[in-house]
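Novice: Next come the chains, spelled out residue by residue.
Number of protein chains: 2
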Amino acid sequence: MEGLVMKTCEGPVNIAVIKYWGKRNDELILPMNDSLSVTLHVDHLRSRTTIACSPVFKEDEFWLNGKPFPINERMRTCIEEAKKHISEEKKELSKYKLRICSENNFATAAGLASSAAGFACLVYCLAQVYGIDEKVVDLTILARRGSGSACRSIYGGFVWWQKGTSDDGHDSKAVQVASEARWPELRAVILVVSHKQKDVSSKDGMKRSRETSQLLHFRSKQIVQQRIESMIKAINAKDFDAFAEITMKESNQFHAVALDTFPPCFYMNDVSRNVIDLVNKYNAYKVDMGSSTRYSAAYTFDAGPNACIYLQDKDLSEFLSIIVSSFPSIEKEYVRGLPVEVVSSSVDIFPKHAPGALDYIICTKVGPGPRVIESDHLLNPDGSFKV
Amino acid sequence: MEGLVMKTCEGPVNIAVIKYWGKRNDELILPMNDSLSVTLHVDHLRSRTTIACSPVFKEDEFWLNGKPFPINERMRTCIEEAKKHISEEKKELSKYKLRICSENNFATAAGLASSAAGFACLVYCLAQVYGIDEKVVDLTILARRGSGSACRSIYGGFVWWQKGTSDDGHDSKAVQVASEARWPELRAVILVVSHKQKDVSSKDGMKRSRETSQLLHFRSKQIVQQRIESMIKAINAKDFDAFAEITMKESNQFHAVALDTFPPCFYMNDVSRNVIDLVNKYNAYKVDMGSSTRYSAAYTFDAGPNACIYLQDKDLSEFLSIIVSSFPSIEKEYVRGLPVEVVSSSVDIFPKHAPGALDYIICTKVGPGPRVIESDHLLNPDGSFKV
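Taken in sequence, the protein lines are chains A and B. Read in UniProt numbering, the first sequence has 207 at position 207, and its numbers run on one by one without any break. Read in UniProt numbering, the second sequence has 191 at position 191, and its numbers run on one by one without any break.
It is worth saying that the hints were derived from the structure and are not from the lab. Just so you know, not all the hints are guaranteed correct.
[Claimed, not checked] For the chain B half of the interface with chain A, some residues (derived, Cβ under 8 Å), not all of them:
{"hint": "1", "residue": "E2"}
{"hint": "2", "residue": "Q214"}
{"hint": "3", "residue": "Q253"}
{"hint": "4", "residue": "H255"}
{"hint": "5", "residue": "F262"}
{"hint": "6", "residue": "F266"}
[Claimed, not checked] Each computed EDC-like pair below joins lysine to aspartate or glutamate, with the alpha-carbon atoms no more than 20 Å apart:
{"hint": "7", "chain 1": "A", "residue 1": "K352", "chain 2": "B", "residue 2": "D270"}
{"hint": "8", "chain 1": "A", "residue 1": "K281", "chain 2": "B", "residue 2": "D199"}
{"hint": "9", "chain 1": "A", "residue 1": "K207", "chain 2": "B", "residue 2": "E245"}
{"hint": "10", "chain 1": "B", "residue 1": "K281", "chain 2": "A", "residue 2": "D199"}
{"hint": "11", "chain 1": "B", "residue 1": "K281", "chain 2": "A", "residue 2": "D313"}
{"hint": "12", "chain 1": "B", "residue 1": "K91", "chain 2": "B", "residue 2": "D199"}
{"hint": "13", "chain 1": "B", "residue 1": "K352", "chain 2": "A", "residue 2": "D270"}
{"hint": "14", "chain 1": "A", "residue 1": "K196", "chain 2": "B", "residue 2": "D270"}
Each residue gets a CB set at the ideal place from its N, CA and C atoms; glycine is no exception.
Use the sequences and the hints to build the structure in full.
Specialist: Shown next as structure tokens:
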């Protein structure tokens, strides 16, 4: 079609090991403290977005997972901010209307960081369409305006969101601590918990925490910065013991702050607690078996009951075998993602839970940042929606 | 029997509204912060202890709930400390061996403050046997040596455990803020949760929190004292809104600290969360119905999943009817304690949970301190155990 520009990109999920909870500015999405995350591989968890713009489009339109949605305020902010940085030779495009089509290859809003992947992908794709110069414009700042943690999905590997100190947010940005090549043995196992209760949204929860939890203010002022430094050291040294201990303590403290909120926010449930118990028992078992490290697996939970377990390649098959035995499946495709050998576990010291407590399991590893893809567009070649 | 002295006493349970968690001295049981509790009525929840001493007894012996147990170190401490204060005319008795027989009319170690009631009762009963002058000797300090929170069960009504500052613990004692007559309309409903998981004991949990939770240290230094002052004001003014809000925030924060501990301590489970949710919904419902107070009920949880709900007499029947409808019984004697009319609830806005989530319910009110009883001795008149 005459004048049609179309790009398709994929963006990754990230799971924080130092948690973001609490904004100092709601509109600009400026956090109370720094955070740090691991970018998971787009081969297994990803948002995909196609953006087309054309002089013939009558209005901006948005589809998510096959259904039309209105363009919300945060998307609008990202689009308008991106247009400010459009390249000279593409200036004309800023007058055209957009068609945006997105989908996730995992359950949206299941506590799997879908908004982080979605907004990172949207901003990265807008940058391709508008020819934005990444050397001049920090895409992490653009992505942050859509969803705070989205700024961390602009890079692969290990990513540090620096809260910044300015009121306008120009220094609240993400930087890469180390690429995915730094620690290729690191693995992440996502345990998707069944029967979720309706949760308080992250946005509402963190607002309520800021207003009511004294522990949150103490944590962000007095505890987080030291943990960021220790975590960066742990990553650079590939020190799994330090990485695991900080990760678990951070998860615990984030949920402690959620609980100190009034009324309290509960994100973990009894299945989450059983997962923590299993990880603790697994770590103790490995020490008994002669492991040279104190920890072999580390749990972390975001604002929902699903667990993300970090561990190293050497332990993946054994750990998964234990998980599958301890949390039996009622699903066929129970273990997804990276191919892993799951054997019938010979170790019988772990508790057996009722079948179906977990919906499914995704195995993945540290991955790269967003990428352009040349096929699998979500819009037809003429820019029309695929119905 | 020649020379036999025998006394029987009853001691109450107390449930803290400002929580005790963390010791600054393990041996003397000196707490990191002040705490404040409500003494529940001995008519419904109580420890009973008979102590006999006689020149013919060959050794100290102890029976609990009908079974012989060794006298543990903390009991031994209470006995030895009590003997130091024996009255002049009873000096002879300090050479005699003791028979101690105790029982609770509620499940021991079910997270129902059995050790507080038990040690308060033991110390009070020792004071009767040994003729200790309560004007000279502070029994709350003696009881504290048995179990920290036991010092608060030495008084009825509303009781404040002042942490003290001295190293020898002579100023770490409980005082009565107001007697049970101050707020006769106050009620407490204990919801006993079924299927408890094995918990980390309070003793071990609070040690681990002190060693690993930065949030605990912040809380005890920076938050608790202000809450104590506000709570004392609330009690003196019979201000249920203030009482309820501090009570719920304290419960939340105590469990937040338990979760910030490493490895984390979980004391609430999904049923506890459902109870919190119901209390929040009930409070919102009452506001909708025109209640002049923001809160009509307040939850608090100790180191276990059981809930204690504080509310006022005027709401008791309605609230219980809602609880019984929301958490259906599989037990016959579901509601125990104070007689309350439970009607089939006409309000259908509260969630219905699976039958049997709660074991049973105890209704009670604010009550007096320990008392001597003249009948129902747990030992035979000759001092022998009832087998």
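Novice: Evaluate each hint against the coordinates.
Specialist: Hint by hint, here is what the structure shows:
1. Annotation: interface hint on B/E2 violated; nearest CB of chain A at approximately 58 Å, more than 8 Å.
2. Interface hint status for B/Q214: upheld, as the beta-carbon distance to the closest one in chain A is roughly 6 Å, under 8 Å.
3. Because the closest C-beta pair between B/Q253 and chain A is about 5 Å apart, less than 8 Å, the hint holds.
4. At a threshold of 8 Å, the smallest CB-CB gap from B/H255 to chain A is about 6 Å, leaving the interface hint in force.
5. This hint holds: B/F262 has a C-beta 5 Å from the nearest C-beta of chain A, less than the 8 Å allowed.
6. At about 5 Å, the closest approach between the beta carbon of B/F266 and any beta carbon in chain A falls short of 8 Å, and the interface hint on this residue holds.
7. Pair hint A/K352 plus B/D270 holds up; C-alpha atoms about 19 Å apart against a cutoff of 20 Å.
8. For a cut-off of 20 Å, the pair hint linking A/K281 to B/D199 stands: about 15 Å separates their Cα positions.
9. Between A/K207 and B/E245 the alpha-carbon distance is near 19 Å, which keeps this suggested pair within the 20 Å criterion.
10. Restraint check for B/K281 and A/D199: satisfied, since their Cα atoms lie roughly 15 Å apart, inside the 20 Å limit.
11. Distance restraint check for B/K281 and A/D313: the Cα-Cα separation of roughly 47 Å exceeds the 20 Å cut-off, and the hinted pair is therefore not satisfied.
12. Straight-line distance between C-alpha atoms of B/K91 and B/D199 comes to about 43 Å, which puts the hinted pair past the 20 Å bound.
13. With a C-alpha separation of about 19 Å, the suggested pair B/K352 and A/D270 falls inside the 20 Å cut-off, and the hint holds.
14. Pair hint A/K196 plus B/D270 holds up; C-alpha atoms about 12 Å apart against a cutoff of 20 Å.
Consistency note: the structure conflicts with the earlier hints numbered 1, 11, 12.
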